[in-house]
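Enquirer: These protein sequences, in sequence, are chains D and A.
Just so we're aligned, residue 615 is where the first sequence starts under my numbering, counting upward by one.
Just so we're aligned, residue 4 is where the second sequence starts under my numbering, counting upward by one.
Each hint should be verified, as a subset may be incorrect.
[To be verified] Derived DSSO-like pairs (lysine-lysine); straight-line CA-CA distance at most 30 Å: (1) D/K630 / A/K47; (2) A/K38 / D/K689; (3) A/K38 / A/K60; (4) D/K689 / A/K47; (5) A/K6 / D/K630.
[What the hints assert, rightly or not] Here are the computed distance ranges between Cβ atoms for each label pair: (6) D/S656 / A/R43: 21 to 27 Å; (7) D/A692 / A/K6: 43 to 49 Å; (8) D/V624 / A/G46: 42 to 48 Å.
None of these hints come from the bench; they were simulated from the model.
Just so we're clear, the structure is a prediction, and the values are computed from it rather than from any experiment.
Ideal Cβ positions, reconstructed from N, Cα and C, are used throughout, including at glycine.
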Amino acid sequence: MALAGRADRVFDGLLKLLPQEFRDRHGREIVQVFRAERADASTSRERAVVWIHTALGLLQTAPAEHLSILRQDVKFAARGLARHPIFALAATATLALPIAAATAMFGLLNTLAFQPLPFPDVDRLLIIDEISTGPAGERRRLRSTPASFDALRARDDLFDAVAAHRRRSFTFAGPDGAEWVAAAMVSPGWSALLPARPDIGRAFTAAEEGGGSSSRVAIVSRRMWSSHVSTRGRTPTLDLDEVPYTVVGVLPDSYRYPYGAEIWIPTTFSAEQEDLLVAARARPGVPLDTINRELDVLAGSLAAARPDTRADRGLAAMSIRDSILAGADRTAWLLFGAVATLLLIACANVVHLLFVRVTSRHREFCIRGALGANRSRQIRQMVTETIVLFAISSFAGLFAAPLVARVVDLLVPHVLRAQLGVHAVSIDASLLAFVALVTLVLAILFGLAAAAQAPPVTVTALLGDDVPASPAARARRIARVAIVSQVALALVLVSCAVFLVQSYERLRTRNLGLDPAGVLTFQLDLAAPAHRAPGVRPRVIEDAVRAAQQVPGVVSVAASSVNPLCCYEWGEYLVGEGRPASGDRPRFIVHHREVTPEFFNVLGIRLKRGRAFTAADAQGAEPVAIVDQRVADRLWPGQDAIGRRVRIGFDRREHPWRTIVGIADAVHDNGAFHATWYVPVAQHPDHPSLARVHLLIKTGGDPLALAADVRRAVGASDPRLAPFEVTTMAALRARSLSPDRLSAWILTAFAGFGLLLASIGIYGVTASAIERRLPEFGVRMAFGAGPAAIVRAAAERALRLSAAGCLIGITAAFVVGAVLERVIFNTTTADPGAIAGAAAVVAIAALGASLIPAWRAAATLPRVALRRWE
Amino acid sequence: MKKPDPETYLPLSAGAFDVLVALADGEKHGYAILKDIRRRTDGKTHLTAGALYAVIKRLSDDELVEESDERPDPALDDERRRYYRITPLGRSVARAEMRRMEDALTLARAKKLFPRASRTGD
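Excised from the complex, chain A in its bound form (with noise of 0.2 Å):
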């Protein structure tokens, strides 16, 4: 089979980023995604339950991120959770995003729409 072009998936919507870099150090079930976006975001950014499981259906129809096996949170033991995980695909895809963004600050910084590159401190 052919192996799809990561740029065909671009641009990818914010939640679908933010969702796929949640994946990107390890599988979560879904409230550990949503926590991590809203760590990540300083709360900026905050997904509905709903609102993310759209993101997630539509993320394994195309394949960027798949289930991995159900088992218990450790937190609440008597609940089975689905776990999901990001393919080869959706890295590729993430990072072809992430490339989109960098050509797009680059330009806008050539035409001085942007500052420098500075490090803020963090």
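So that you can see chain D by itself, here it is in the shape it has in the complex (with noise of 0.2 Å):
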């Protein structure tokens, strides 16, 4: 019996599976003909073959009676907002661009956060820089030496694999004249650390990694293997510096890591060739903190066994992704974080206007009461509106990410772009499920707040013919909630904006020590054997510094080893003569530029003391050098260091002294000043650095316009040159500050459009509450109150309101602030100033978008007012 009773309640569950008005309906005679049905079996076995077969039947009725009430819903909801165009254009508008930047925002962030980057074992991949730290305690990360490559690939405790690779770049001969191309060379152990699955052929084996193998071989892109790689031999054929190299495998185009190589050749570095970009697998289990650890005491006794030149020295590793990311994704979390804002002050409008909406439809909701229809059912109806209208947003948002996603798509940072082919936003499956979900689950609950206003369906509001005279106090609660919400999100969003544009503005204004403007710049590849033949390369250099010189419209011509605002720095360690040997540190690292005598004009850099180069600081004349005031003042303090000598300090070779005849402001460099030393290129004319040499061209007007005369006119000087990446200073500028710049703007645009909804909102909400009112006004105005008592009286909530979200916006703008300060800048962030600005910016939208709905009602004549009062 008790079994009975349990397979009765359980029979009760799934009745309740049913629409509530099919069981309203028929729920009774359901279970009539249950019990019929079970009073007719005759033994317990056939009653148990009723209940099951009841059940199941319940169980296969339900989900299309919900389907078939969904159906009508949605049918009922679409005439319903085809009816009130206004109202959905109105609301759709509100929403789809905060969907659009939110699904593009979310592609931003699926890329930067949780996409995995394109290498094997990624979470295990390490890229391990030397730090070099400076006299003020500031460390900077620098690329490795092979000393400490062969130090870290002896670490088999910490990693399974080390690889290291070094930039190279080649110049083929081409119909057009001659292409540069860039190229990595790899290390043993590369293969298996990071490459993508080649195309065609396989990776290197371990002889050809090792330097086992007699012949000489390469991998390449697959541009290069169609267009350069002969395939008529035996073997396919790269000829690199007139040097046949066998092709073994070919990577997919999208793969050009590290340097936007499209060559990878594999070698064994020796103990000169610097720079190189050190990759590790750690072992499985092996976290970062102790391989960081272990690093701190590997480098001190790197440090002991040379002192001389390691003695500042210290190894660090950083996951890969934290590497090429450099913090693009916690200004994606922000902007993603704003966009979230964005959505919620849409949504917060939404609900107003579906309030307005159903109170507006209040008798509809009676009739429908009066005709059966119970509040569930009423509830039901209205949420599938909101999922209706919320659906028909997000289609059209979704037209409009692609575009959003363009723009986003730039805060991708570069390395991900150009040498993994990574991009932010792929209208994908997951992207669109992001979508349906967050828009299911926003409509809701929009829906469901939406429905709770509505007034309570009863039989005498029939009687009337208008509106109930107030809303129940739940949803004067929820417009209350709405108002000081929208406001409080809409002030965090500006603040944040500020706070975004200051730390731009303090970018973009800082002093760089040069002047950019009207400087085209390319670079020359001087790596080739042909111009490897000592002496060869300043010759090379002059040619084409004079060659660019002719072209019409050119002011000046420098070259420099070193763009300042581009790519790369190249090291020294640098000594003053005179200076105690003994002291706590005799040598120190500089960044080395070997320039020629143009150089300080054409960029415009002021020559504090002293004088610049001349023609006649060639070789064989006096050694000179000119420094700038960081090493002045670190080997003579307080001291006039002209007239003084320095010397490169490493010591296995023998490097002159060079007397330095000026002195130099400090130059701003790829995000901070250093100390930096200037060497004529004609005196120092087979240092490394020189394989390659960037062209400085001041010109009159458009440095763009002259680029093709000037390529052309250096091409002509030397057949073999191919100028790359041709651009403008003022373009590096640009482009170093881009992403900045680009998530100011952004999210100003996201601050601006939440404002002007949070004012919408504001305004919606005084002017449907004064519509209420206005058979109150005109008889406060019939019996002699002012204009300025009816403004007062109408915008004195909606202000109350404001001030409230105000308030609760500041302390937040104070807690975001901090926050951001902590993970995005490392200024000071959450200024009182500029939250202050933010929240007066605020207080006047509010201010506005109460008052003129007050100012509108107090206008209206009392008679009017009264009349409809009657």
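Starting from two chains that each stand alone, build the complex the way the hints lay out.
Expert: Okay, here's the thing in structure tokens:
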């Protein structure tokens, strides 16, 4: 019997699966039929069969019935929206843009924070850099040396693979002049560590990587394969610097890591070949902290063995992901947070629009109620309507998403885009699933919120012909929460935008120490054997400079081994004559730049004292150098450095002392100021940094307009020269700022839209409250209240609520600012001035949005208002 | 009001057709409809209670059947039961469905998909 009782309870539970409307209409009958069937069954087995049969029937019927109701509701909702196109359009427009932005931002976040990078075992892949510590304790990451690479390779307790890369490039003759191609020299272990699966062929064998193989081999990109590799012979070959290499594999074009390389060549590095990019794969289960502790010990023992060169060198590992993303994922989180806030503000607006519609549809609901529709059926209908509305908006949003995505794509770090073929947004299944899920959850939540505002259904409401005098207390509460939260959210959004704009402005207006205006620049590769012969490079450089100088419109031309706004730096140890060799650090790392005489003039770098280089500073003349103020202060604090002597302090080679002839302003390079010294190209012709030189061309007008002429002239000066990466200094400057500028711009756009939506929301809530109170205002005016009193009465509540929203928003902005300061910026962001400014903007918007409808109310004639009351 | 065209309701689902046929000879309550169908089809068609009322709901929404008064079931006089009857529209729809089936059968016979009419002994 107990069993039968339980079976009945289960049966009652199953009945609840049916839609309530269906249950109300036929539930009792279903139970009757079930009981009758059971009573007719003679054995307990037959009774069990009846139970199972009926229960299964209910399980089949319930979903079908729900679906049928959903179909009806969707049809009804679509008809309702079509009948009120202004409402439908307003709500869709409000939602579509935030949904589009959220979609694109989710795409970006998905790419940067959740998607694995396209390397095998990427979670264990590390980049290991050397750390140079400056006198003020500032740490700078440098690429590694062969000494530390060898030491790291010996640590098979920490790493199961270690490989190094070194930048190279080759120049190919082609029908349109010489072509420059980036390449990477790779150490043994590379094949096991990084590369993508070859499209054709194979990776290097251990013998090839270790130099044990007699033939020279290379792996190339698919583009190189189809354009430069000769397949006529028995084996595909590629001539590099007139030496044939056998091509053993072809990598897909999307893979150009590192350096944008299209050719990979195995090699073993000699002790002089610094500037190595070292990648390692941690052994499973060895955490990064442990590795970094061990690297500290390792760096200590390397320094003990070579105190002259390694005293200030540490070693540090970071995940390859952090190394490549360089904080871009944190920016993505910030912008995603902003877009989520925007979406919430938009939803609050839509709730209000729905609320107005609910109030205006009260009569319809009462009629439907009188005809038997119960409250839950009405809630269901409203939620369905909201879902339909959100679905239409998402659909519209999905069309706008690719446009937003195109902008957002620029926030993907250059290495990811250019070397690993990763882009921010592709409309794929996960993205669609995300949009659908967010839309559904928001629609249900806000649909319920809107439905909860519906006034109670009463038959008496049918007797009057207007909306109820005042909505339920619950509805008023929801409207209040909507205003307060919209104002608070908008304030946080505007504050964040101000933080980001301020931070960008600080970067933009920072004094660079050079003037990028009007300067065209490109690089020349001088690594080919023909250029490597002693004394050749200065002559080639001089010819190129002279050829460029001849082009009409060119003001002056310089060449330099390093472009301060681009690419890479070259470091050397420097010692000062007579400086104590026993001092704390007798030698220190400086940026080393080989330049031609016009360098300072072309880039507008001010010489504080002394002179620039001249043509007289040639080979054989007295060796000279120019240092910046930091070098001077470091070596001869408080004294005049002009006339003193410095030289490269690398002990294995004898470098000449150079007399300091000038002191230059500090130049900002790639993110910081560093001590720098300059040497004339002519006096240091065989320095390895001259394997690549930058030409800097000061022009009178638009630099790019002269680009073709200058390239042609330089190409004519030496047919083996292929100018590459042609751009302007101004563009390089903009490129270094572009992620900051873009994120500041995007956030400002979000904040502006959020503010607009919040204002519309406040306006709407105030206007509809005033609409309800018009009769009251009419009476007041009839009894002598002036327009000012009416404006005050009408706007008072919205203003009070906005003030509360501002207070909450200010507090939240401080908290958000403090968090941002820690994770995104290095400078103070939660600046009270910025927050006060943001609060002022939001307060003005709120004031306007509540006063305008209030003024309109005051302008309404008392007679008109009273007539409505009658 | 314009009279609806029975053809627009066709084809009927098997369940709907069975219910209309069950009500053709007089009004019945739900369980009686079930028993009638089961008896007519030798137990081959066995609608569950849920499915039966889903069909009835749809048929009454389409005004093919309607409720008559509630009254006690003579067998269980302590319980009131709701009775259903076929509407004139329901009757014409059922007829139209029969004609449709007959036409299909005629066609099938002409194409020799189905044996010639021969009364099977029942």
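Enquirer: Now, for every hint given, state plainly whether the structure supports it.
Expert: For each hint, the structure was consulted:
1. D/K630 / A/K47: Holds - the C-alpha atoms of A/K47 and D/K630 are around 29 Å apart, at most 30 Å.
2. A/K38 / D/K689: Since the Cα atoms of A/K38 and D/K689 sit roughly 37 Å apart, the hinted pair is violated (cutoff 30 Å).
3. A/K38 / A/K60: 19 Å, holds
4. D/K689 / A/K47: Outside the cut-off at roughly 37 Å; violated.
5. A/K6 / D/K630: 38 Å, violated
6. D/S656 / A/R43: 21 to 27 Å: Between D/S656 and A/R43, where Cβ atoms are some 22 Å apart, the hint holds.
7. D/A692 / A/K6: 43 to 49 Å: With a Cβ separation near 29 Å, D/A692 and A/K6 fall outside 43 to 49 Å, so the hint is violated.
8. D/V624 / A/G46: 42 to 48 Å: 26 Å, violated
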